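Participant: Line by line, the protein sequences give chains A and B. Residue numbering for the first sequence follows my numbering, starting at 1 and increasing by one per position. Residue numbering for the second sequence follows my numbering, starting at 1001 and increasing by one per position.
Please note: incorrect hints may appear among the correct ones.
Unchecked claim - List of simulated lysine-lysine pairs, DSSO-like, C-alpha gap at most 30 Å:
1) B:Lys1162 to A:Lys99
2) A:Lys6 to A:Lys92
3) A:Lys55 to B:Lys1164
4) B:Lys1162 to A:Lys55
Keep in mind the hints are simulated off the structure, nothing from the lab. A quick note: this is a predicted structure, and the numbers were derived from the prediction, not measured.
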Amino acid sequence: MALSEKEIAEIKEELRRCSPETVAAALRFRETGDVTAVPEVIYGLVELYTPATAKIPLKDANDDTRLVDDLGLDSLSLLEMVFSIEGVLKIKIENEELKEVLTIGKLNQFLRDKLANGAL
Amino acid sequence: MKRRIVISGLGFITSIGNSRDEVLRSLRECRTGIELFPDFAGDDVPIKLAGTVKGFTFPTARFDDWTYPADYQIGRDQLRSMTPNSLYAFCAMEQAIREAQLTPELVSNPRTGLLCASAGSMWLAYESLHTLVTRGVSRVQPMATVNGIPGSLYINLVAGYKIKGGSMGCSSACSSSAHALGLAADMIQLGRQDMMFVVGAEDCNRYNILPFASVRALSAQTDPAKSPCAFDIKRDGFVGTGGAAVLVVEELEHALQRGAPICAEVLGWGQASDGYNVVIPEPTGDGLRRAIEAALFDAQIQPDDVDYINAHATSTVAGDISECHALRQVFCGDKQPWVSSTKSLTGHGLSLAGAMEASFCSLALQERFTPVSANITELDPACADIRIVTESVFDAPRILLSNSSGFGGTNVSIAMKRWEGS
Chain A
1 MALSEKEIAE IKEELRRCSP ETVAAALRFR ETGDVTAVPE VIYGLVELYT
51 PATAKIPLKD ANDDTRLVDD LGLDSLSLLE MVFSIEGVLK IKIENEELKE
101 VLTIGKLNQF LRDKLANGAL
Chain B
1001 MKRRIVISGL GFITSIGNSR DEVLRSLREC RTGIELFPDF AGDDVPIKLA
1051 GTVKGFTFPT ARFDDWTYPA DYQIGRDQLR SMTPNSLYAF CAMEQAIREA
1101 QLTPELVSNP RTGLLCASAG SMWLAYESLH TLVTRGVSRV QPMATVNGIP
1151 GSLYINLVAG YKIKGGSMGC SSACSSSAHA LGLAADMIQL GRQDMMFVVG
1201 AEDCNRYNIL PFASVRALSA QTDPAKSPCA FDIKRDGFVG TGGAAVLVVE
1251 ELEHALQRGA PICAEVLGWG QASDGYNVVI PEPTGDGLRR AIEAALFDAQ
1301 IQPDDVDYIN AHATSTVAGD ISECHALRQV FCGDKQPWVS STKSLTGHGL
1351 SLAGAMEASF CSLALQERFT PVSANITELD PACADIRIVT ESVFDAPRIL
1401 LSNSSGFGGT NVSIAMKRWE GS
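The shape of chain A in the complex, shown without the other chains (with noise of 0.2 Å):
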């Protein structure tokens, strides 16, 4: 479904902060419901809100690199970036919906799954 204008605006100032690679796929499964296009659109996303003094890089993550005790996501941020993809991807999320989401993998798993039953 082609974007309006202003939608595009809103994706882009949303993920202001993020990778032009973010931007394009943000807006490539907005466009198209391509849902192969989240997890670089999550990555930007966590890599937004980890803290400099994360103790595990980034770069170095994987699947079950965990949001909070390895990344250094505070509760806040948590909330910042739950805010922010359910804004990209124009969704919501419950609280509930996040209580096993736990790692970077399960984050993806948890949007393949949800993406995949319709919600957009």
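Start from chain A and add chain B according to the hints.
Facilitator: Leaving out everything else, chain B in the frame of chain A:
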């Protein structure tokens, strides 16, 4: 025996300087902080001057677009919940902590508290509410409540500095931070705390200043060399400003035991209300008179002991005249104290004013000078019998008062004394 209270550290982010040295130089050399304010550009804005805060920029409401002096390191986790006024305050806190030689253990201590005064960031509140109305509840950013309420100042500072003692915000319009200083003195006096941070801070933008235009309280002057001009016949209203001031207020023995640098002593304070009008000061100055008399009583001094008064004097006709009436009634003996308005250099800092001016008074006592009331070319005859400092004088105050008044008819007077080693 009454516990004695001293000021052991100061911090400044003000229109006339972002450090003790800059502020001192501006006060001594009568350098104005007022200029044409780009935020007020446009034919639809009848107000043009502000006491601008230099070294900070806030191009958007998003904190990661803000810039501040390179001397300060502030992590994303702290900045994300801040307002412009709490960012100013954070920088002023850093200065005050350094000047007072406070260890992290003294800052974060059950015996150390914090009293704040700010009207909050009307700008960020507006941005969030505008998002709520136009884009829906789900797009209101997570920090909207924290940075959209007046309490955001103490919320940010208590969390940022791990304050363990009592903490709260004071909200009494333009006497807010004078109340904070008085209440901090009381808390130490009562033995509830040994040390208090007193913080006044305000944003400096169209959202917190321009609403005062609707009550015709703001100066329409466009020449920064002419306004504000408290006590002058040509005054036409106040000029707004923002920034932050921090005072470290401490029990004397506590300060002496740790070898703290002492700036000045807080002798006492008083407050009283006009019970008159929501915005107009009571014309005879009765409320402020009673506040001054209460301060003199609390400080155990006589009117003749007072050498200098830092007047509230915002450069509105009604306010200046009312304050002159109050002064005339209290200081009717042979000795007349010097009187000046430092707002004529800085602009009116609203909730920040009381803490900022008490800090200036602390500098005046310690550095031995009397601040000038700037921009007076023709004294209003209604103020002519008041001993206003229209140009530099050699006298240095030993005891002074700092006055503050606010909407609703709140009045505060704080008595301070030069620290002479005992």
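Participant: All the hints need checking, so say for each whether the structure fits it.
Facilitator: Hints, verified against the model:
1. B:Lys1162 to A:Lys99: Given pair Lys1162 (chain B), Lys99 (chain A) holds - Cα atoms ~29 Å apart, limit 30 Å.
2. A:Lys6 to A:Lys92: holds (20 Å)
3. A:Lys55 to B:Lys1164: Roughly 29 Å between the alpha carbons, so the hint for Lys55 (chain A) and Lys1164 (chain B) holds.
4. B:Lys1162 to A:Lys55: At roughly 24 Å apart (the allowed maximum being 30 Å), Lys55 (chain A) and Lys1162 (chain B) satisfy the hint.
Hint check: no violations occur; every hint is consistent with the structure.
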